[in-house]
Amino acid sequence: MLHLYDGALDVPKILKAWYEEESQSNYGAYIPFVGTVRSEDGIDGLSFDIYEPILESWFLGWQEKAKAKGAIIKMAHSRGDVMLHESSYIAAVFSPKRRVALEFIDAFVEDFKASAPIWKYDLKEGKRLYALERSTAIAGSGLLSQR
Amino acid sequence: MVRVEFLGPIQKAPLQLEITNLSELAEILQEDEAMRAWLENCAVAVNDMLVSSLDVELKDGDRVALLPPVCGG
Chain A
1 MLHLYDGALD
11 VPKILKAWYE
21 EESQSNYGAY
31 IPFVGTVRSE
41 DGIDGLSFDI
51 YEPILESWFL
61 GWQEKAKAKG
71 AIIKMAHSRG
81 DVMLHESSYI
91 AAVFSPKRRV
101 ALEFIDAFVE
111 DFKASAPIWK
121 YDLKEGKRLY
131 ALERSTAIAG
141 SGLLSQR
Chain B
1 MVRVEFLGPI
11 QKAPLQLEIT
21 NLSELAEILQ
31 EDEAMRAWLE
41 NCAVAVNDML
51 VSSLDVELKD
61 GDRVALLPPV
71 CGG
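Residue numbers (our numbering), protein chains in the order written: chain A, 1 to 147; chain B, 1 to 73.
Read the hints as simulated data drawn from the structure, not as lab findings.
From a predicted model like this one, the values you see are computed outputs, not experimental measurements.
Misleading hints may appear alongside valid ones.
To be verified - Pairs of lysine-lysine, DSS-like flavour, derived with a Cα cap of 27 Å: (1) Lys124/A with Lys65/A; (2) Lys12/B with Lys124/A; (3) Lys127/A with Lys59/B; (4) Lys12/B with Lys113/A.
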C-alpha cells in the first residue's frame, strides 16, 4: 500500500491506521521507519517532487518480494514542502516473525533511497534548491551520454 | 512523434521529436550544452519502464523520461 500526501505526514494518524488495519492479520511484528526533517545547514525545510508511475511500479516490485516472505509493506511519502521537525516518509513492514521484518525494512529503505523516483530540495532563504550532492544516480544512469 | 520529458529538477520543457531509437535522442541531447551534465547522471525510462540500452526502438506515441539522481525520504 502506497500513500502520497501533499505536505507533512500526520505520523500518529498513519501509524495508528496501519496498526488497526492489520490488527487481526496474525502478524507478530510491525516495524515502522519514520523519516523526519532535521535542522542542518540553515534549512527551513525540504521539498519533494515525485514521479508517480515509476514509483508505483517500483513499489509493486517490493510488495511482491514482501509477499514471497509472508510479509506486507506499507509506505507513505510527502509531495511538496515539509518543514523542520515534520515528517515526510514512513515505511513499515508487517511479518509473522520479527527477523523477516527487521531485515526487510533495511533492504527496502536502502533501495528506496537509491531507486525511488523522488527528488529532494532544500528550502533555504526563500529558495528551493535541488539537493544534488545528497542524491543518488539510479542504476544504469548515463545511458544518453554514450556515443 | 516521441515525447521526451525531463523530470524533477531539470528545468527543460518537454520535446516532441521524430526519432526511432534512443541513440538518435542521445545525439540530439548531446548537442544541448545545458543538458550535457544531466545526461551523465540521468536514468532513462521508455513508457515508464527503466531501460539500459540505447538500442531500444521508439515508435509514434512513445514517451521517454529522463530521471536525474534521486533522494526520497
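Practice item. Against the structure, test the hints numbered earlier, and report the numbers of the ones violated in rising order. Key: Violated: hints 1, 3.
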